[in-house]
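K.L.:
Could you build the full structure based on these sequences and the hints that come with them?
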Amino acid sequence: MKYHEVIVVGAGLAGLRAAVETATDLDTAILTQVPPVRSHSGAAQGGVNAPMGNNPAGKDDSVEKHSYDTIKGSDFLADQDSVELMIGEATPCIYEMEHWGCPFSRTPEGKIAQRPFGGAGFPRTCFASDKTGLYMLHTLWERSVALNVKTYEERFVTDIVVENGNVVGVIALNIVTGDFEPYMADTVIFGTGGPGQVYGRSTNALISTGSGAYIAYKRGVPLKDMEFIQFHPTSLFGTNILMTEGARGEGGYLINNLGERFMSKYAPKAMELGPRDIVSRSIQTEINEGRGFEGGYVHLDLRHLGREKILDRLPGIRDIAINFAGVDPIDKPIPIQPGQHYAMGGISTDKNGATNIKGFYAAGECACVSVHGANRLGGNSLLDTVVFGKLSGKHVKEFMKTKKDRRQGEGMIMKTLEEQEKNRENLLIKSGTENHAAIRDEMKQTMIEKVGIFRTGAQMKEALDKILELKKRYESIRVMYKGRKYNMDYLRAYELWGMLELAHVITLGAIKREESRGSHSRTDFPKRDDAKFLRHTMATWTPDGPKIGYSDVNVYKYPPVERKY
Amino acid sequence: MAIATTPVTLKIQRFNPDTDKEPYWREYTIQAKPGMTVLEALFEVLNKYDGTLSFRFCCRGAICGACSMMIGGKIRLACETQVSAIKKRPLMISPMPHKKVIKDLVVDMDPFFEQMRSIKPYLVAKEPFPEKEIYQSEKDRAKLTEPIDCILCGSCSSACTVAWWDPNYIGPASLTKAYRFVVDSRDTIRDERLDMVDSEDGVWRCHTIFNCVDVCPKKINQTDAIQYLKRQLVKRKIGLL
Ligand SMILES: Cc1cc2nc3c(=O)[nH]c(=O)nc-3n(C[C@H](O)[C@H](O)[C@H](O)COP(=O)(O)OP(=O)(O)OC[C@H]3O[C@@H](n4cnc5c(N)ncnc54)[C@H](O)[C@@H]3O)c2cc1C
Numbered sequence: 001m002k003y004h005e006v007i008v009v010g011a012g013l014a015g016l017r018a019a020v021e022t023a024t025d026l027d028t029a030i031l032t033q034v035p036p037v038r039s040h041s042g043a044a045q046g047g048v049n050a051p052m053g054n055n056p057a058g059k060d061d062s063v064e065k066h067s068y069d070t071i072k073g074s075d076f077l078a079d080q081d082s083v084e085l086m087i088g089e090a091t092p093c094i095y096e097m098e099h100w101g102c103p104f105s106r107t108p109e110g111k112i113a114q115r116p117f118g119g120a121g122f123p124r125t126c127f128a129s130d131k132t133g134l135y136m137l138h139t140l141w142e143r144s145v146a147l148n149v150k151t152y153e154e155r156f157v158t159d160i161v162v163e164n165g166n167v168v169g170v171i172a173l174n175i176v177t178g179d180f181e182p183y184m185a186d187t188v189i190f191g192t193g194g195p196g197q198v199y200g201r202s203t204n205a206l207i208s209t210g211s212g213a214y215i216a217y218k219r220g221v222p223l224k225d226m227e228f229i230q231f232h233p234t235s236l237f238g239t240n241i242l243m244t245e246g247a248r249g250e251g252g253y254l255i256n257n258l259g260e261r262f263m264s265k266y267a268p269k270a271m272e273l274g275p276r277d278i279v280s281r282s283i284q285t286e287i288n289e290g291r292g293f294e295g296g297y298v299h300l301d302l303r304h305l306g307r308e309k310i311l312d313r314l315p316g317i318r319d320i321a322i323n324f325a326g327v328d329p330i331d332k333p334i335p336i337q338p339g340q341h342y343a344m345g346g347i348s349t350d351k352n353g354a355t356n357i358k359g360f361y362a363a364g365e366c367a368c369v370s371v372h373g374a375n376r377l378g379g380n381s382l383l384d385t386v387v388f389g390k391l392s393g394k395h396v397k398e399f400m401k402t403k404k405d406r407r408q409g410e411g412m413i414m415k416t417l418e419e420q421e422k423n424r425e426n427l428l429i430k431s432g433t434e435n436h437a438a439i440r441d442e443m444k445q446t447m448i449e450k451v452g453i454f455r456t457g458a459q460m461k462e463a464l465d466k467i468l469e470l471k472k473r474y475e476s477i478r479v480m481y482k483g484r485k486y487n488m489d490y491l492r493a494y495e496l497w498g499m500l501e502l503a504h505v506i507t508l509g510a511i512k513r514e515e516s517r518g519s520h521s522r523t524d525f526p527k528r529d530d531a532k533f534l535r536h537t538m539a540t541w542t543p544d545g546p547k548i549g550y551s552d553v554n555v556y557k558y559p560p561v562e563r564k565y
Numbered sequence: 566m567a568i569a570t571t572p573v574t575l576k577i578q579r580f581n582p583d584t585d586k587e588p589y590w591r592e593y594t595i596q597a598k599p600g601m602t603v604l605e606a607l608f609e610v611l612n613k614y615d616g617t618l619s620f621r622f623c624c625r626g627a628i629c630g631a632c633s634m635m636i637g638g639k640i641r642l643a644c645e646t647q648v649s650a651i652k653k654r655p656l657m658i659s660p661m662p663h664k665k666v667i668k669d670l671v672v673d674m675d676p677f678f679e680q681m682r683s684i685k686p687y688l689v690a691k692e693p694f695p696e697k698e699i700y701q702s703e704k705d706r707a708k709l710t711e712p713i714d715c716i717l718c719g720s721c722s723s724a725c726t727v728a729w730w731d732p733n734y735i736g737p738a739s740l741t742k743a744y745r746f747v748v749d750s751r752d753t754i755r756d757e758r759l760d761m762v763d764s765e766d767g768v769w770r771c772h773t774i775f776n777c778v779d780v781c782p783k784k785i786n787q788t789d790a791i792q793y794l795k796r797q798l799v800k801r802k803i804g805l806l
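Protein sequences, first through last, are from chains S and E.
Quick note on this note's numbering: the first sequence kicks off at 1 and runs consecutively.
Quick note on this note's numbering: the second sequence kicks off at 566 and runs consecutively.
Incorrect hints may appear among the rest.
The calculated DSS-like cross-link candidates involving lysine-lysine, where the alpha carbons are at most 30 angstroms apart (straight line), are [stated by the list, open to error]:
| no. | chain 1 | residue 1 | chain 2 | residue 2 |
| --- | --- | --- | --- | --- |
| 1 | S | K430 | E | K613 |
| 2 | S | K450 | S | K471 |
| 3 | S | K59 | E | K704 |
| 4 | S | K150 | E | K691 |
| 5 | S | K111 | E | K613 |
| 6 | S | K403 | S | K218 |
| 7 | S | K111 | E | K784 |
| 8 | S | K309 | E | K613 |
Take a look, some chain E residues computed to stay more than 10 angstroms from chain S by CB distance [what the hints assert, rightly or not]:
| no. | residue |
| --- | --- |
| 9 | P572 |
| 10 | C629 |
| 11 | G637 |
| 12 | P662 |
| 13 | H772 |
| 14 | I774 |
Just a few of them, taken from the derived set where beta-carbon distance is under 10 angstroms, the chain S residues facing chain E [stated by the list, open to error]:
| no. | residue |
| --- | --- |
| 15 | S39 |
| 16 | G88 |
| 17 | P92 |
| 18 | R106 |
| 19 | K111 |
| 20 | V145 |
| 21 | N435 |
| 22 | A438 |
Honestly, the hints are just simulated from the structure, not real lab data.
Just so it is clear, CB atoms sit at the ideal spot from N, CA and C, and this is done for glycine as well.
P.N.:
Shown next, in the form of structure tokens:
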């Protein structure tokens with residue numbers, strides 16, 4: 001059986017950053033569903049925040065100010081000590097990326113360039129044209145090559161193995177051969193990304209299904225704050241491919257069908273650069289009240305920026321608009337609508353990325369420390385991936401110094417492997433009538449319509465009933481392809497169950513949270529209710545569905561105030 | 566209101582080396598919505614008609630490089646190619662040529678990544694690192710703009726006729742990667758990088774046929790990059806570097 005001291009699952013920014021950290025001291029291997037450079041992090045466009053003050057307008061920026069913006073942006077649900085930790089690490093972490101080769105755009109003096117982003121008091125978003133995620137991802141992959149980190153690609157991890165409260169290994173489906181493979185490990189770090197595909201109209205990659213979060217949940221790690229789903233204001237109408245916030249950071253306008261810059265009504269000071277939850281709701285309100293365009297969109301207008309600036313700062317946006325919508329932003333406004341974008345919640349971890357299972361860590365979008373609370377600021381997620389990827393790697397190194405029992409759990413790992421094989425047999429043998437792709441579509445539709453930007457108890461109750469119905473129908477699905485090799489049909493059917501479970505957690509948490517906070521906006525409870533809900537939602541798995549509990553938020557420094565922009 | 570769809574016949578090359586003697590073609594007629602991409606069409610086949618089909622995908626936004634394949638006679642990314650953009654029917658879809666087929670449209674990319682790893686595809690900056698960023702002028706940064714756009718999709722190496730008969734050829738993508746570091750003002754091992762590409766299987770193999778440039782979804786000029794490396798090697802030889 002293959003054994004490594006550290007197994008990192010996922011090779012996006014969080015997973016790679018963790019692996020690069022541990023690989024200098026420990027035998028580290030990465031298991032990943034797609035080759036590292038295909039990971040969803042590569043789609044990130046706008047940039048990554050750090051209070052460096054490289055932009056003249058940002059010279060008074062500081063860790064404290066960035067922290068406060070983040071906490072306020074989170075609608076005070078982020079843990080304040082964790083936020084300060086992340087922001088404190090930001091600048092050194094970005095310098096490190098630069099030293100490893102990340103081709104950031106530059107200021108005239110040759111420093112890392114920074115642009116304004118939503119919800120931020122200063123221009124502090126470091127960027128590399130409008131493909132920051134792509135270049136950061138390639139840089140970390142390159143670093144992993146330099147360190148010769150063993151990488152097993154097209155391995156879909158289906159379970160972690162836990163014995164006496166310690167993680168002892170993982171089970172992975174080799175997508176190419178169709179074999180389940182056992183891996184023994186002393187520590188496991190998940191960097192498996194977000195669950196965006198649970199929703200319709202998502203900006204996320206098609207593999208962002210939350211499979212990692214589901215595994216952790218099923219094995220007894222609570223999921224924190226899952227009802228907080230970020231809707232990005234500007235996704236391309238039709239395909240919901242992202243149009244970065246950087247487009248507004250560079251000066252883009254949002255315009256309704258009356259030709260108005262409608263943000264003046266909702267965030268008169270910040271205008272288009274209000275925080276995402278507020279801008280998304282504003283756009284949706286315009287559409288709902290008949291001031292959108294047919295089909296349900298508004299315009300993102302870049303024309304006044306001029307050809308030069310668009311070509312220099314937003315070339316990727318221009319290509320996407322041309323290739324996917326037939327619109328050249330130099331000449332025409334881009335049709336956009338809000339789309340599901342990010343999950344603030346995830347696998348509950350502490351500041352070191354550690355979970356309640358010894359040796360099991362999580363970082364990046366799959367995890368929730370919490371530093372984003374009820375609403376993440378643009379540019380803070382890439383930061384989260386590199387900072388907490390690194391910190392979890394660091395903590396693993398410490399943990400391994402004192403860990404005595406190594407190479408444990410062989411019997412347990414083989415038993416789990418057999419279970420997985422048996423489960424597959426059971427799934428393939430079914431000759432039901434339900435098409436799992438249709439169930440997936442119905443789930444996505446339900447979530448975007450009923451647990452979306454604006455929520456009500458009644459609608460969410462309908463969503464919950466629908467999810468329960470879909471779970472029931474899942475029992476009689478049929479997988480057409482019974483073979484082993486590169487069986488996408490099986491894999492997609494398999495991952496759908498986890499998605500339904502996550503949809504269940506999101507919806508139930510949202511129903512129980514009878515207030516409006518950040519991205520969770522209830523028209524039946526329009527006010528924030530700190531007395532009752534200044535608490536993290538904690539969902540634990542039970543055979544009868546999620547059990548919802550709550551845990552305290554760290555508010556040691558800044559008392560909650562109303563958010564105005 | 567129901568969206569108007571048009572029937573489109575896709576002709577897809579199928580092959581499972583474990584069970585099939587050789588590749589064969591199969592036709593599927595799907596209902597295409599306006600604006601439907603080839604990747605969406607493949608999912609339509611998978612979801613409704615034939616679950617045994619295999620293909621790669623991920624971001625569906627032309628940035629991850631997973632879905633290069635032969636579409637309508639040319640190597641393209643399935644996610645950014647609209648069904649309506651290809652006029653010929655049936656719409657022919659097959660794997661990237663000259664790569665070992667794992668199954669259907671999925672090809673073996675290991676050799677491609679092995680080549681990439683062989684050219685030290687990472688920056689080697691001067692150590693110890695400065696406390697802040699390594700300064701780079703906007704002009705020096707601009708030299709990186711084109712090569713860093715590579716998404717490692719493999720289209721160029723699949724289209725390169727030289728790579729077809731010389732499997733050891735480092736190939737256009739890896740050479741462009743080498744170029745990316747050679748022109749990076751922060752790198753310190755320029756000579757070693759030039760040595761790595763100065764071989765029969767390196768830059769001298771390129772016969773400037775421009776197939777790579779022709780298929781690159783990111784419009785990178787790999788041939789130019791390779792020619793630049795050749796010129797640097799010549800300059801170095803005659804003592805101009
Ligand atoms: C279009 C877009 C633009 C964005 N732009 C920005 C931005 O400008 N700034 C910002 O801060 N944030 C941005 N974000 C958010 C940010 O990009 C993501 O939150 C972040 O990249 C997530 O990184 P990650 O490493 O956690 O996960 P990912 O990059 O999603 O990587 C997940 C990895 O896990 C692997 N994996 C998943 N499940 C399994 C499994 N079961 N077994 C094995 N492997 C598995 C995958 O193969 C992959 O390698 C953007 C997001 C989107 C969608």
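K.L.:
Each hint: holds or not?
P.N.:
Structure-based check of each hint:
no., hint, in the structure
1, K430(S) <-> K613(E), "17 angstroms, holds"
2, K450(S) <-> K471(S), "17 angstroms, holds"
3, K59(S) <-> K704(E), "24 angstroms, holds"
4, K150(S) <-> K691(E), "26 angstroms, holds"
5, K111(S) <-> K613(E), "53 angstroms, violated"
6, K403(S) <-> K218(S), "25 angstroms, holds"
7, K111(S) <-> K784(E), "28 angstroms, holds"
8, K309(S) <-> K613(E), "45 angstroms, violated"
9, P572, "20 angstroms, holds"
10, C629, "4 angstroms, violated"
11, G637, "16 angstroms, holds"
12, P662, "19 angstroms, holds"
13, H772, "28 angstroms, holds"
14, I774, "26 angstroms, holds"
15, S39, "7 angstroms, holds"
16, G88, "16 angstroms, violated"
17, P92, "9 angstroms, holds"
18, R106, "5 angstroms, holds"
19, K111, "6 angstroms, holds"
20, V145, "5 angstroms, holds"
21, N435, "7 angstroms, holds"
22, A438, "8 angstroms, holds"
Going through the hint list in order, the structure does not satisfy hints 5, 8, 10, 16.
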